[in-house]
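Residue numbers 1 to 431, in our numbering, belong to the letters of the first sequence in order.
A couple of the hints might just be wrong.
[To be verified] Below, computed lysine-lysine pairings styled on BS3-like, alpha-carbon distance capped at 25 Å:
hint	residue 1	residue 2
1	300	257
2	32	51
3	328	212
4	133	180
5	300	268
6	257	288
7	268	257
8	214	288
9	288	268
10	300	288
11	214	328
12	257	212
13	268	133
14	288	212
15	133	300
Bear in mind the hints are in silico, worked out from the structure with no lab data behind them.
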Amino acid sequence: MPTTLRISDLPAHAGSTVAVNAWVMTTRSSGKIGFIVVRDGSGYLQAVVGKRDVAPDLWERFEGLTQETSVRLEGTVRADARAPGGVELSLSALAVLGPSVEFPITPKEHGTAFLMERRHLWLRSRRQVALMKIRHEVVQAIRDFFHERGFTLVDTPILTGSIGESAGTLFETEYFDLGKAYLAQTGQLYVETACAALGKVYCFGPTFRAEKSKTRRHLTEFWMVEPEVAFADSDANMRLQEEFVSYIVARVLDRRKAELADLERDPKPLESVVPPFHRITYTDAVAKLQGMGSDIVWGKDLGAEDEARLTDGLDRPLFVMNYPKEAKAFYMKENPADPRTVLCDDCLAPGLGEIIGGSQREDDYDLLLARIRAQGLPEESYGWYLDLRRYGTFVHSGFGLGVERTVQWITGTPHIRETIAYPRMMYRLYP
RNA sequence: UCCGGAGUAGCUCAGUCGGUAGAGCAGCCGGCUGUUAACCGGCGGGUCGGGGGUUCGAGUCCCUCCUCCGGAGCCA
C-alpha cells in the first residue's frame, strides 16, 4: 500500500507511487482522457486518468465523480508543466470515500447573499481557503512578534461588569444574581492593570460591538490584539505600531505568496510597508482637509471620506495624532503641549482606513477621575481601574489592532465579511 | 437609525408601450486522448418575494409588508 501524503509534499516525491486523500473540486473529460482537480487543504492537485490505461471499473468511477466527493487517489507523481502546481498524478486507483450530491456552489457566479447562507460550504472554495490561510499567518505573526519582544499574553474576561468605553454599544446578558453583564468591547482596562505586574503585556481575543454598523469595514464580533507597555509614551507607542504592522506584512509576503496570487493581490504595494510610517497631527490634518474642500471643523472626528483623502496614494500607513479630547475616550492622556487634545493615534491603512487606535493613558488619579465624571460614567465601576493610579502610577501606552481589517487591507478584500470564517453582522447570525 | 438599490428557472441575469415566461451556466443524455470556469449537439426545468388594489388582462402600474445588498454615523 503506497504512502499517504499531503498534496504540498508531492513535488519532493516525483517518480514515486503515492496516495492522497482529498475532495474533488472539478472534473473534465475528453472521452478517452480524464482530469480530476482535488483539494486537501495543503494544496491543489490534478490527477490524470487515461481510459485505455486503467481497468474499466476505475474509468466508470471517474465518470461518476461529482463536485466535493471525498476520494482516495493512488498514482505516480509526475512533473508536468501543463499541470497547475507543477506536478500531477497519473492515476492507478480511485476510491470514493464519501459521495456528494448536487453541491450547491458551482464553479460559476453566485451572489453574496447566496454564498453567505452557505458559508459553511463556501469556505471550501479556493478564494476562501487562501483568505483563511493568510488570516492564520497574520495571527501567528502577531503572537510571534510579541513573544520575541518579551511580552506576556494575558487573557482578559469576555464577560464584564464595568464598561470599557461608551454604553449603548454593548451586548447585554443576565449574570446570575449579580444583574447585568456585558460582552467585552475591549480588554484594555484589564491589560493596563496587568501591565503593572508584567511590564509588557497583550491580550488577544474576540470583542463585541452592538453598534448597528452596516459597512464593509464592520463586524459585530471581531478579533483584536491589544498590547500595553509600561514606561512607554505616545511616541514609543507609534514606533511599536509601525514595527508591528510591518512585521505582519513582511511575514505574509514571505510565506503566503501563493495565497496572495490566488486572491489576485499584487504584492508590490505591500513591499513598501516599512517604518517609519507617515505622521500628521489631527490639527494639521484638519487644516489640510479644509484646503482639499472638506467641510470638517476642528473638534469633530474624521469621517470615512476624510480618512480616504488623507491616505489616497500613500505607499504606507499614516498616523493621525492627538485628536480633540471630546472626540476620544476618557482614559487618554491629556497633551501637555495642547490641552485641548489627547496623546493618541489612529493608524490609517491606504485604501481601507483605521486598522489601529492607540493612546498614552491618563496616569494621574485626579485627572482620570475628573474625566470619568465629566463623561457621566459610573464612577463606582472604575475603582479597580483607578487603583492603578494610586499604587505606583506610571507612564504607559497601548493600542488595539483589528485582525479582520488587517487581513482585509493586506489581501485587498472588498468586504470584511470574508476575512473571518463565520462573520457576525447586524443581519447575520447563521450559519 | 437614516439615505439609496434589488428580489423572475438550482445559480447569474434579461424581460420594450400592460397582451400566452426568456438567455447563459448548472443538471441529465450523446460526442471528443492534454483539459485549465474545457468544448460541441440535444432534453427537462417557473408560487415572477408575500398580501391587497386598478384593469377585459399585471413580472410590468398603485399601496403595504418582508428579505437582501450598498453607503453614512460609530469604531478595530
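Verification of the hints:
1. Distance hint between residue 300 and residue 257 is unfulfilled; the C-alpha atoms sit about 41 Å from each other, more than 25 Å.
2. For the hint linking residue 32 to residue 51, the alpha-carbon distance of about 5 Å falls within 25 Å, and the restraint holds.
3. Between residue 328 and residue 212, the direct Cα distance comes to roughly 20 Å. Compliance with the 25 Å bound is thereby established for this hinted pair.
4. Between residue 133 and residue 180 the CA atoms are separated by roughly 38 Å; this puts the pair beyond 25 Å, and the hint is violated.
5. Taking the CA atoms of residue 300 and residue 268, the gap is near 35 Å; set against the 25 Å cutoff, the hint is violated.
6. With a C-alpha separation of about 37 Å, the suggested pairing of residue 257 with residue 288 is violated against the 25 Å cut-off.
7. Under the criterion of a C-alpha separation no larger than 25 Å, the hint pairing residue 268 with residue 257 is consistent with the structure, at around 11 Å.
8. In summary, the hint linking residue 214 to residue 288 is not supported, as the alpha carbons are separated by about 29 Å, beyond the 25 Å threshold.
9. As the CA atoms of residue 288 and residue 268 are separated by approximately 28 Å, the hinted pair breaks the 25 Å bound.
10. Restraint check: the Cα-Cα separation between residue 300 and residue 288 comes to about 15 Å, which is no more than 25 Å; the hinted pair holds.
11. At most 25 Å may separate the alpha-carbon atoms for a hinted pair to count; residue 214 and residue 328 meet this at roughly 22 Å.
12. For the suggested pair residue 257 and residue 212, the alpha carbons sit about 36 Å apart, so the restraint of at most 25 Å is broken.
13. Pair hint residue 268 plus residue 133 holds up; C-alpha atoms about 20 Å apart against a cutoff of 25 Å.
14. Distance restraint check for residue 288 and residue 212: the Cα-Cα separation of roughly 31 Å exceeds the 25 Å cut-off, and the hinted pair is therefore not satisfied.
15. Of the pairs offered as hints, the one joining residue 133 and residue 300 is violated, with about 39 Å between alpha carbons and a cut-off of 25 Å exceeded.
The structure fails hints 1, 4, 5, 6, 8, 9, 12, 14 and 15 (numbered hints given earlier, in ascending order).
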